[in-house]
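Q: Each chain, letter by letter, is given below.
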Amino acid sequence: MEKILLPDIKNLHQIDVYIQNGGYEAVKKAYKRTPDEVIDEVKRSGLRGRGGAAFLTGLKWSFMPKNTDKPKYLCVNGDESEPGSFKDRQIFEFNPHALIEGITIACYAIQAKAAYVYIRGEYHNWIQMLQKALDDAYARGFVGEKMPETLGGSFSCNIYIHKGAGAYVCGEESSLMNSIEGKRGYPRVKPPFPAQFGLWGCPTTINNVETISNVPTIINKGWEWFSKIGEPRHPGTLLFGVSGHVNKPGVYELPSGVLLTDLIYKYAGGVPGNKKIKCVIPGGSSMPPLRGDQLEGVKMDAESLKAAGSAIGTGGVMVMDEDTDLVRVLARIAKFYKHESCGQCTPCREGTGWMLKTLNRIARGEGTSSDLDLLTDVAKNIEGNTICALGDAAAWPVKFFIQRFREEFEKAVKPEVSIPVANKIHSMRNTAVPLAEIKK
Amino acid sequence: MAKTAKITVDGKTYEVDATKNLLEVCLSLKLDLPYFCWHPAMGSVGACRQCAVKKFRDENDKVGKLFMACMEPIVDGMIISIQDAEAKEFRKGVIEWLMTNHPHDCPVCDEGGECHLQDMTVMTGHDYRRYRFKKRTYKNQYLGPFINHEMNRCIQCYRCVRYYRDYAGGKDFDVFGVHNTVYFGRHEDGVLENEFSGNLVEVCPTGVFTDKTLGKHYTRKWDQTYAPSICVHCSVGCNTIAAERYGLLRRVQSRYNGEVNGYFLCDRGRFGYEFVNSPKRIRKPLRKNKETRQFEELGSEDALKYIRKLLSDSKRIIGIGSARASLESNFTLLSFVEKQNFYWGESDRNIQLIQKQYDILRNGPARTPSLRDIEKCDVVIVLGEDLTNTAPMIALALRQSVRQEPVQSATPYRIPHWQDQAVRELTQDEKGPIFIATPLATRLDEISETYRAAADDIARLGFMVANSFSDRSPLVSGATDEQKKLSGKISEALKKAKRPLIIAGPSLQSEAVIEAAANIANAMITSGKTCELCFTVPEVNSMGMAMMDITHQGIESAFEALKNKPADTLIILENDLYRRAEEQAVDSFLGKFKNVIVLDYLENSTSLKADAVLSSGSFAESDGTFVNNEGRAQRFYQVYDAGENIKESWRWLRDIMLNSGLHEFGKWKILSDFTNALSKAMPVFDGINNITPPPGFRIAGEKIPREPFRYSGRTAMFANKSVHEPKPPEDIDSPLSFTMEGYRGKPPSSIIPFFWSPGWNSQQAINKYQIEIGGALHGGDPGKRLIEPKSGKTPAFFTKIPQAFSPRNGDWFVVPVYHIFGSEELSVNAPGINELTPKPYVMISSEDAGSLGLTSEKQIELEAQGKTYSLPAKLNLGLPKGLIGIPKGLPGMPEIKTGSWVRLKMG
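Heads up: the protein sequence lines correspond to chains A and B, in order. Going by my numbering, the letters in the first sequence line up with residues 33 to 472, in that order. Going by my numbering, the letters in the second sequence line up with residues 6 to 912, in that order.
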């Protein structure tokens, strides 16, 4: 199988090696066509976003207004803040020029004169790596004012790296734009969508690093070639970051639709000590977990995972063996989302903290059975009712862990203590022991 | 209504305004839908998630989906449900979340009983606590003398920061931190810098920001006695609610008037009220003992007898009126002393200027805008006025007008203007054109293009702009390049304007500035454009005085007239003459009278010189009518009965007249008799009697109660004196009663004593009093405009252009510096305002200071009007060379005439 994003070529991150292997040819090819033709090519290829929502990339580009007197922008999301996800940094490290070339093509397609690559602050080393590659590309005239001379045509664009400060929510596209603008990283209410007005109130497209890095190959080899890789409804190769209880954790580039069991056992070397798998989160910590007995036959692409009751997310596969304490796992996940909640809208701001405190109580062994219902109830009220998807990301793990591993959570909590309650009215409420039980 | 649509709410179909959002529409329909982050003046951001409703795709959709009503545009045929079980459960859940950290300190919280959060909690039905953890706590900050900070109560609705930064243009307040520990405050403890910070008290839906002045003499909302009032601290005439208990004025709140101040007040207006409780209050009539020269207190009967004695051997009585007294009081004094003996207690210069402004508005084609109109103007020129300090609420309105032009760019994107976040994202920092020409830097400079110059140069700039629209306004010769460039730019902006506005006023004591402003407006109108013209005036009733049929002679004229024709008795109405003229001149003037009678409520330099002082009621103890700078006549009502020793000035004067044998005035019994007589005598005031319902007005046979029906303790209030409950005082002047008995529904808009509606105990109950949210009150906004433009007549142009200002060697030209806290006579007696009042100083430009070798705070000797004063220097960057800034009205600051030349000596 051919690898698109992380081919086995030594020193590909060096611009000369990249050029020797056909680099910066796709952009020349693209610039000979009209922007609409480039968008059409990407549209037909079926390329879907790799940042979590798996939205059709070409379609997203086509939303950019054609007639506007405002500047247009491309934002490339390299915030990669989802726990369990560590794929984009492989691209920064091993194939940065594919990203840079992809950006120049995308900029041309949407006619943006400037692109911002937003990288989380913790990725200090990778920022330096990408900056080095970018400096080289500028020096060779693949980016910047000299582009018309080097690449033909009259188009040119600039690429800037913007360092984030480590807020998870800034991986959300509208907070990302606020962050670039120098404002607090608060998500914006949609509509209006970024293509209408995004960065500095101008039309903006936001793509994931991995998504953009696919573009040069699509232009080089044509949409038909690309659309035949993997699952037809979610074509291409995906970078799967496998972590947790596997013998060979790491990033694996595989065609979409690969069996989850193959990914774990064939590529990642199986579970240490041949233990049973209790749980797998297939797409980064916010995605619904799958039970060990739900894994058989599950394919790794957006549609198949949806059918299996989870989502592809960012392809960060987290494997947990039979000895894992899921209460502590969930409490840890909840701690992350509570910490990263931006504080703008009520459900997420207040709900995540409450869920964390409750889970910690259960983890300490002080929980009661009504706590599980409470958690489910709070998660249900958060889900779908927040400004951005962080609320869902915080609610889903709680909702699905408790739903799918109820027996384990039941074991961790005490049944509601039946004490004579001074106030019978309170005792009759749904959080307390049912009246019937008191009467017994 | 611009565009209407039919929507179905819980099975009932309504026709609604399609330009509004769903929440506004529901509230306009008087449906109860809880909310926090949305504010009618600030639009929607969808942060609190409290206003969730179910929206259905069509009739067949029975499941529906939750949407935030504040973020939903109205679509024709929309089907929604507020009562849907899931929606109700979710809204209850939102309160439950907010309550996880909100302390249960309602009994000791100043907001308790008028808390929007309490109301919404009850409305959603959340009543049981499932959260079993500790609540998060914060450190509170010291925010100055006006506002108390209690962050633990915060529910993170973001209203405060949106109001303070986005609406009011404040800088020193923000949101800090993340997740469930976000913090709203300053970067460190300190006085809030913004002059409109007091609105945080009403903007905050709970008790994070509360009124510190109220806190010092706290009383629950339901235990206060209220009356509709008018702010007396500048000429804008904001509508207020004043509240009392136990004879102490407790606080002032904004009284919504869609045409005037809307939801807000400035800090001087909100916190200046404490002068009413000042130890300097005159609470009983006083007589000066001829021997000891000390005041002795009198009962009101004795006082009247004493005054009769004084008047009985008077040959000629001079009356001095006041622009801080009501029309009625001035008119009564005028009726007593007669026109030729009545002087408007204001400097001759100010009277000329105010009179000129009134004449321009009365005879010219330019309309005088209301505050609400000012917010809607898209291009604004300000000539000579530091609005933040002379007419603060106009400055706040201008912060909204600069958004008028940029906001229009949202229309082609079909982004509704109420969607605040999206509109701000689209418009970024864009500001509509506003030009401010003043000698000194102003707070509004940050939103405007500025021009720093002396009054004459400001006028010349104005004349240049006027000339670019019409040749009938004369050409200015010898203009500088800066003036040419700027006037060109202003003209360009005005040409493109949809609704231009010129603002000027008498602050710089320059006729030319006023004439230039009038010429611009007139020139634009004669060249076929529209233009509005707003003039500020010095005091709450200055415009009313200008409209009265009096000789329009001021203090200096009175001094002069006395020389030719002596008089023996002087009656001064609510006026401190020492603020109007030089000390010696006033001393010698007062010394010429045998009897000086003062009617006032605060002790001042003038009242101390009086032979008899009558204890007048302040705005809180009086009824009357003021005319604001727009020309809007507005009525204020007394809040509480202060006993027989404190009466309205007009009532005192009537009593004096009756005592003096002028029996025809016996028919003037109640306020409306005075007002009627006034409008009969002066047709310009025709109709002012009808701006409020007559005293006989009743609903279902009942008066409108000043007290909420939960008012407590009435039977016990005076139990320390007698267990017999006294008969409640009667109000013969108005349809308001002094007690809680009366009609409990909504009164006519002009006599709303307080806002309350079942389930809506906070100020947000205003929603229930409006026809449409953010629009007019039911029955129309109160007040009556008395000045309307004359159309069809060719306006007169002013032709006298002043010479350009040229600095003199060794002499400095005095320009006034106004302070929102300090320059106004009454509010400076409120402890909070007093705390923020600067000490006397002189302001000199950094450039001049450099050449004089002067540093900041160094004492300099200033020689003016033959006297020498030693004052500390303040350096100012923008002040043009040759000008010196003299603060106006500060306590302890000598009165140095604006427009005079002074000399400096180094200390």
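Derived by calculation from the structure, the hints in this document are not laboratory data. Glycine included, each C-beta is placed from N, C-alpha and C at the ideal position. Hints may contain errors.
From the structure, some residues in chain B lie toward chain A, with a derived Cβ separation under 10 Å [stated by the list, open to error]: (1) Cys42; (2) Cys53; (3) Lys93; (4) Gly182; (5) Val187; (6) Ser414; (7) Gln426; (8) Arg429; (9) Thr432; (10) Asp660; (11) Met662; (12) Leu663; (13) Asn664; (14) Leu667; (15) Phe702.
When the alpha-carbon atoms are kept at most 25 Å apart in a straight line, the in silico SDA-like pairs for lysine to any residue are as follows [stated by the list, open to error]: (16) A:Lys215 - B:Ser453; (17) A:Lys215 - B:Asp450; (18) A:Lys431 - B:Lys144; (19) B:Lys139 - A:Arg364; (20) B:Lys144 - B:Gly220; (21) A:Lys145 - A:Glu57.
Q: Evaluate each hint against the coordinates.
A: Each hint, compared with the structure:
{"no.": "1", "hint": "Cys42", "result": "holds (9 Å)"}
{"no.": "2", "hint": "Cys53", "result": "holds (5 Å)"}
{"no.": "3", "hint": "Lys93", "result": "violated (12 Å)"}
{"no.": "4", "hint": "Gly182", "result": "holds (7 Å)"}
{"no.": "5", "hint": "Val187", "result": "holds (4 Å)"}
{"no.": "6", "hint": "Ser414", "result": "holds (9 Å)"}
{"no.": "7", "hint": "Gln426", "result": "holds (6 Å)"}
{"no.": "8", "hint": "Arg429", "result": "holds (9 Å)"}
{"no.": "9", "hint": "Thr432", "result": "holds (7 Å)"}
{"no.": "10", "hint": "Asp660", "result": "violated (60 Å)"}
{"no.": "11", "hint": "Met662", "result": "violated (64 Å)"}
{"no.": "12", "hint": "Leu663", "result": "violated (65 Å)"}
{"no.": "13", "hint": "Asn664", "result": "violated (66 Å)"}
{"no.": "14", "hint": "Leu667", "result": "violated (68 Å)"}
{"no.": "15", "hint": "Phe702", "result": "violated (45 Å)"}
{"no.": "16", "hint": "A:Lys215 - B:Ser453", "result": "holds (23 Å)"}
{"no.": "17", "hint": "A:Lys215 - B:Asp450", "result": "holds (23 Å)"}
{"no.": "18", "hint": "A:Lys431 - B:Lys144", "result": "violated (35 Å)"}
{"no.": "19", "hint": "B:Lys139 - A:Arg364", "result": "holds (20 Å)"}
{"no.": "20", "hint": "B:Lys144 - B:Gly220", "result": "holds (19 Å)"}
{"no.": "21", "hint": "A:Lys145 - A:Glu57", "result": "holds (20 Å)"}
Violated hints for the displayed structure, listed by number in ascending order: 3, 10, 11, 12, 13, 14, 15, 18.
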